[in-house]
Amino acid sequence: MASGTTWTFRKPSIIPGFGLAFGFTLTYLSLIVLIPLAALVLMTASLGWPEFWRIASDPRTLAALRLSFGASLAAAGINAVFGLIVAWVLVRYDFPGRRLLDAFVDLPFALPTAVAGIALTALYAPNGWIGSLLAPLGIKVAYTPAGIVIALIFIGLPFVVRTLQPVMEEIDREVEEAAATLGASRFLTFRRIILPTLLPPLLTGFALALARAVGEYGSVIFIAGNIPFVSEIAPLLIVVRLTEFNYPAATAVATLMLLISFALLLAINLIQAWSRRRFGNV
Amino acid sequence: MYNDAIAPPLPMTLRPATTERRWVRWALIGVAVLFLLIFLLMPLVIVFFEAFSRGAGYFLESITEKDALAAIRLTLIVAAISVPANLVFGVAAAWAIAKFEFKGKSFLITLIDLPFSVSPVTSGLIYVLIFGAQGWLGPTLQEHGIQIIFAVPGIVLATIFVTFPFVARELIPIMQEQGTRDEEAALSLGASGWRTFFRVTLPNIKWALLYGVLLCNARAMGEFGAVSVVSGKIRGQTNTMPLHVEILYNEYLGVAAFAVASLLALLAMITLAAKTGLEWRYADEIAAQRKH
Amino acid sequence: MEAAFADATFPTVIEPDPPAPRQWSRGVPVDVTIEHVVKAFAETPALHDVSLKIEAGELVALLGPSGSGKTTLLRVLAGLEFPTSGRVLFGGEDALGLSVQERHIGFVFQSYALFKSMKVFDNIAFGLTARPARTRPSRAKIRDRVLELLDLVQLTGLENRYPTQLSGGQRQRVALARALAIEPRILLLDEPFGALDAKVRRDLRRWLREIHEQTGHTTVFVTHDQEEAVELADRIVVLNRGKIEQIGSPDEIYDRPASPFVASFIGESSALPVRIEDGRLFLDDRPIEIGATGKDGPRTLVFRPHDVELPGARPGGIAGRIIAERRHGASRRLDVEIGMRRHRIEIDVPANHPRSNKGDRVSVLPTRWWLFDA
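Chains as they are written, first to last, in numbering that gives the first Met the number 0: chain S, 0 to 281; chain G, 0 to 291; chain L, 0 to 373.
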């Protein structure tokens with residue numbers, strides 16, 4: 000641990016148990032998370048660049064990634080708009096059932112994805128409650144990419160709402176009053192004062208919903224139709240390759256997705272660092 | 000918030016400067032409620048609707064059928080192993096992180112959060128790569144007759160991975176906020192380390208701990224993607240409830256699938272109710288971090 | 000917007016201001032009449048039948064303890080709160096029918112309420128850029144106005160800072176410049192110096208007085224600090240529990256308090272429960288010979304610590320026992336306990352007065368005092 004007197008790993012403390020707690024944490028973390036993830040990376044590395052590139056640039060891989068990203072972006076975008084409205088309504092207005100509705104927003108966190116998947120499919124199938132309303136209009140949702148977007152909206156909504164709410168609650172009412180005394184209409188106040196304040200959490204929520212949606216599997220596969228090149232998402236492609244015992248392909252796609260996730264995670268952290276610098280405490 | 004019930008009637012068009020016109024307010028409430036009803040409530044309702052669409056008898060039959068019971072039993076076993084495992088880990092990690100100052104702490108927190116940013120399918124895949132028949136340790140394990148993938152241990156491992164951060168995440172912020180004063184006081188009075196933990200620290204964090212366990216359990220019982228990759232889906236043996244739902248659904252036994260799904264939906268509702276109850280009552284004692 | 004302002008080639012043609020949409024001209028200070036304003040209990044401290052007339056260009060302080068309703072009254076003037084009943088007139092026109100936006104007032108919040116996502120320049124320009132296109136001044140004109148205001152509040156050169164990069168006193172001045180930018184008819188300030196340290200407060204106080212003299216706005220400010228009110232205001236309105244206790248110049252308030260509350264809130268004072276019997280003043284059963292007369296009945300005798308003399312053995316003084324002694328500015332302060340019911344009063348004696356011991360007897364005779372009906 001500590002080597003010499005100039006550099007110490009940890010500050011001294013009279014509280015016991017650091018060795019045990021820290022040691023256990025590291026061991027458990029390594030066994031469950033770090034070593035298995037390292038295995039994935041090593042396995043990919045052992046493929047060699049040409050092989051990796053061949054799998055990554057395979058049309059079916061590209062189609063799956065494009066679909067996963069396109070659908071996730073669409074869903075996160077829709078969630079950003081409606082999540083903003085939902086969060087605003089829950090924070091700002093008082094109406095009967097508000098607290099219940101607020102609690103209900105967490106449903107996608109609690110409901111198993113497979114259950115959500117079959118429920119959404121039943122709703123949007125051509126003979127389902129919603130599907131049968133859309134069918135006469137010529138709109139097909141289940142078993143099409145539109146269905147994927149619906150499932151990803153369900154999965155991602157709480158991320159946007161729960162990221163926005165605490166920031167909204169902390170908005171200083173006096174700032175809004177100040178804008179009003181200066182002659183600004185309510186809409187102008189929202190556009191020029193409130194929205195810029197909400198932009199960082201909105202972006203963070205958007206990115207969290209996006210990250211979750213890109214990797215989502217359970218709720219999507221029931222409603223997607225799963226036709227290669229049309230409605231086959233990237234996580235499903237991993238499973239397909241795995242059932243074909245094509246481990247290198249499964250590994251390569253998984254690594255690609257992992258890299259994408261990390262890029263999103265980095266983006267989230269950058270947004271938060273930027274917003275802390277920019278909007279620090281007045 | 001402006002309260003119409005107490006405040007005087009305003010001159011026609013006047014309203015507090017920090018709220019919108021009445022029609023804008025009601026329009027926004029309408030949009031939000033409609034959105035939540037369509038995207039959240041209807042999926043939940045249809046689960047129960049479909050589950051009972053052939054009557055209570057069929058429902059009971061579906062959930063007491065042999066394979067369904069096996070799936071329920073396995074789901075409970077998996078949760079009974081993985082939740083306590085992550086509970087112990089969560090407490091240890093939070094103790095090390097919150098009560099001590101050491102280098103690389105924020106990096107450690109990032110690592111603990113890592114499983115949240117990994118696709119469930121990938122979470123299963125990594126264990127297949129290690130323990131599978133073609134994996135690194137697969138041949139060795141086979142020689143000794145140990146099976147992990149397509150067996151219960153693999154399911155438990157995958158479940159532990161996807162639920163890894165839940166407890167730690169709830170505990171770290173609240174324990175950091177509480178600091179070390181209480182523990183130092185107890186220690187200075189001669190209490191042992193363990194005694195200090197059980198008598199001082201644990202009562203301080205019990206609601207946050209319960210909260211984390213609740214979320215961890217909901218995810219553990221409901222996990223689908225990671226488990227489906229490692230389970231092999233052998234009926235009666237390696238089928239958890241979500242996997243059983245999938246199999247029934249794919250066999251066009253929709254109503255039976257919804258019957259089993261309704262049990263999971265019920266679990267979700269109980270989780271939500273308990274979670275909300277905890278938030279309303281112990282808001283301060285549960286870390287302010289609301290996203291998962 | 001910033002880019003446009005930074006553009007040096009931007010034409011500096013000054014357009015004539017379009018005619019104002021209301022009958023009064025913008026920026027001309029107006030008088031304010033408050034008639035029987037009642038604010039029933041809601042989330043804010045209540046107001047009970049408050050009437051007040053403020054002259055155009057006057058600088059008025061609303062002074063009172065917390066919960067006295069002073070901020071509520073200020074917010075009623077601004078249109079941020081709505082009274083239950085009563086009238087508010089700006090220059091003879093009904094103001095209650097106007098929204099906040101239409102009242103055209105400048106409001107400086109205690110927390111400053113600056114727009115964090117905007118630079119100082121855009122903060123100050125906000126009220127002008129927020130106007131509808133029809134009445135909005137040209138960019139060049141807005142720029143001139145903002146720079147002029149920055150000069151007035153002595154923040155020239157800081158226009159590109161964000162509010163987080165300013166000190167408390169600087170933020171306060173940005174808030175004031177922002178409120179002045181719209182050429183308000185009335186300037187309202189809520190505890191303008193509340194969050195600043197003592198030295199900055201004193202500097203800003205003097206500076207605000209100067210700005211008021213330069214700009215001549217009808218100005219109302221809320222404070223709980225009597226020193227601030229006395230030093231800054233033309234007139235002080237003392238509020239307590241939603242009612243006006245007294246309105247007057249600082250001299251009037253200090254020298255002729257209308258109630259024991261005013262006497263104790265502005266300056267220091269001691270109060271004793273006394274009564275008049277047969278034209279003589281009594282504390283318990285001892286007469287106090289200060290020449291007070293009036294109808295028989297209970298009264299409250301109020302006097303300031305320095306308005307006393309120690310008559311020594313001469314009868315007619317208020318006899319008590321010294322229980323504490325301490326240095327108080329230029330003089331020495333004695334805490335004195337009076338009579339059986341242990342009333343406590345404070346008196347000042349010269350610093351060179353012989354030191355006394357705890358328990359020493361002393362006789363006190365107020366030289367200036369007020370009698371209020373109890």
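Be aware that one or more of the hints could be misleading.
With a cut-off of at most 30 angstroms between alpha-carbon atoms, the simulated DSBU-like pairs for lysine-lysine come out as follows [claimed, not checked]:
#	chain 1	residue 1	chain 2	residue 2
1	G	Lys232	G	Lys104
2	G	Lys232	G	Lys102
3	L	Lys115	L	Lys140
4	G	Lys65	G	Lys205
5	G	Lys232	S	Lys10
6	S	Lys10	G	Lys205
7	S	Lys10	G	Lys65
8	L	Lys357	L	Lys52
The hints are simulated quantities; they were obtained by calculation from the structure and are not laboratory data.
Only a predicted model underlies this, so the values are computations on that prediction, with no experimental measurement involved.
Here's how the hints hold up against the structure:
1. For a cut-off of 30 angstroms, the pair hint linking Lys232(G) to Lys104(G) is broken: about 40 angstroms separates their Cα positions.
2. The hinted pair formed by Lys232(G) and Lys102(G) fails the criterion: a straight-line CA distance of about 44 angstroms is larger than 30 angstroms.
3. Between Lys115(L) and Lys140(L), the direct Cα distance comes to roughly 24 angstroms. Compliance with the 30 angstroms bound is thereby established for this hinted pair.
4. Straight-line distance between C-alpha atoms of Lys65(G) and Lys205(G) comes to about 38 angstroms, which puts the hinted pair past the 30 angstroms bound.
5. Among the hinted pairs, Lys232(G) with Lys10(S) is inconsistent with the structure: their alpha-carbon atoms are about 50 angstroms apart, more than 30 angstroms.
6. The hinted pair formed by Lys10(S) and Lys205(G) meets the criterion: a straight-line CA distance of about 27 angstroms does not exceed 30 angstroms.
7. For a cut-off of 30 angstroms, the pair hint linking Lys10(S) to Lys65(G) is broken: about 57 angstroms separates their Cα positions.
8. Note on Lys357(L) and Lys52(L): the hinted pairing is violated, with a Cα-Cα distance of about 50 angstroms set against a maximum of 30 angstroms.
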